[in-house]
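Participant: Listed below, chain by chain, are the residues.
2 protein chains.
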Amino acid sequence: MILTVTLNAALDVTYRVPALVPGATHRVTEVAERAGGKGVNVARVLRTLGDPVIATGLAGGAGGARIRSLLADEGVREAFVPIAAESRRTVVVAEPDAATGLWEPGPIVTPNEWTAFLSRFADLVRGAEVVALSGSLPPGVPVDAYCALIEAARGAGAWTVLDSSGDALRHGLSASPDLVKPNAEELAGLVGHALPRPAAALDALRALAARTVVASFGPEGLLALTKQGSWHAFLPHPVAGNPTGAGDACVAALAHGMIHPRPWPERLADAVALSAAAVRAPVAGSLDLSDYRRLRRAVIVKEA
Amino acid sequence: MILTVTLNAALDVTYRVPALVPGATHRVTEVAERAGGKGVNVARVLRTLGDPVIATGLAGGAGGARIRSLLADEGVREAFVPIAAESRRTVVVAEPDAATGLWEPGPIVTPNEWTAFLSRFADLVRGAEVVALSGSLPPGVPVDAYCALIEAARGAGAWTVLDSSGDALRHGLSASPDLVKPNAEELAGLVGHALPRPAAALDALRALAARTVVASFGPEGLLALTKQGSWHAFLPHPVAGNPTGAGDACVAALAHGMIHPRPWPERLADAVALSAAAVRAPVAGSLDLSDYRRLRRAVIVKEA
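So the sequence lines, in the order shown, correspond to chains A and B.
Counting from 38, one number per residue, gives the positions in the first sequence under our numbering.
Counting from 38, one number per residue, gives the positions in the second sequence under our numbering.
Same shape as in the complex, but just chain A (with noise of 0.2 Å):
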């Protein structure tokens, strides 16, 4: 089973107008909902995958109960652990050819609820081969809450994969994770430097404390430092879409790699095929396997 763990879990709500002009008050002709979160992403990923999930994490009040209960409308199973405060909600207000967000703060967990977590997270990793860690963390989770799972993880035998950005993915990154997947942005605030192209990254790539580390480069593709080699993967032609979730999609196909270890060169292909079905994929979370089977053969891999 992979765990994926999403701790700043969110209600992700869509509202469509025909055009957003600030001033001025809007009838909002279509509500949509949906659990979102980074690792609620993945798990919705890993599920069309067809592979054996449970999305755990901290949810909170009436959006946490919302978020809980459109996660098993859609079959995902899920162990999330409760909390008092409110579950953020990130609104989309979509009109025909533009999206506006407006991303509510995460809610305040308390140490006892933290600790709550802590001790349903021990006892869920022991039924797992892999757990995926992603995204940010709300207030009152301790920085290196990362570094903890994953220590807690390692000591349960699961492998462990960390998609995070700013102090948490550096306090995690203290553990050793054995796979990271930065983005460009957040590999430039790991080293100090811009790093926006794969070409010259190979080096920043080495001075992370991880056994495997996966950088997204966007439509540029995946840079991997493997203790098997390392590899450039990428698309000849980038795809057009919404790259919101194209990297929870890859963190989906790295742990998906984990469960059925095959060569480097070929999770990474797979990896780079799945965020381009996310990126051509309208909402985020969502893709389309025969995309991806179609976007999986045109992947070219050259070692780095």
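Since the hints were derived computationally from the structure, they do not count as laboratory data.
Covered stretches of chain B (chain A as the covering partner; in silico rule of three or more C-beta atoms under 8 Å from a C-beta of chain A):
| id | segment |
| --- | --- |
| 1 | 55 to 64 |
| 2 | 99 to 106 |
| 3 | 131 to 141 |
Model, not experiment: these values are computed from the prediction.
For each residue, glycine too, the CB sits at the ideal point set by N, CA and C.
Once you've looked at the hints, dock chain B against the given chain A.
Facilitator: What follows is chain B alone, placed relative to chain A:
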């Protein structure tokens, strides 16, 4: 006791952002939630005036539960009837100098839920001296809902005040409520031509099937047609502020006047001053009684 009815209750959410930029993603710095809907605001003002009040209506899902718990936190007694669908949210994106509204559509009410509400209303109205019916009807509620509720209230010996718009108002008027409070736009919709100012509007008021008509004209005040006479009540200098909720404060004052009967000019002066105090208050349904008392002394009431 005054019973307020809010069939399309809302969870009013305010997002504070430094500036709203269409197409961009915004981290919301502050989220404020408040129970909303016109009848809820009426109940809040009546509680401020010290009148015994119960807020009823339809409240659904997690949002409805939140509306009820927020009312309880404020000390407003509520007897909302639960429905399965989610009560709507009204999101206001507040910049320092502007406010952008996003109004979700109302929840769909089933025939069984409407029947359950009618039964609960019949119980509640037995203890009510006045019933104030405010706002729009959510989908699924019959368009003649206010007609049925006014007839049930009259059968139980309660006075009725109606403040709605469009077809809901038109059908409600067919039951001849004791008082109707259209604004200039609603009045224009009823009589078929624009009446932006009180000066020439008295004939239009005579055309409406209600014992008393009090029409509101924003900063130009109230025009009232009663069995005892007709008056124009206004402030010599309009106040600056947020007009949302001013009409609800007016309805609260008129309902208050029904259980504390005094001559109409005094009731109308109260209604003008409470509306103006609501304009000066930062959020709908709240007001400062010392503002009200100060403004009350300035109100001018003339026979019309």
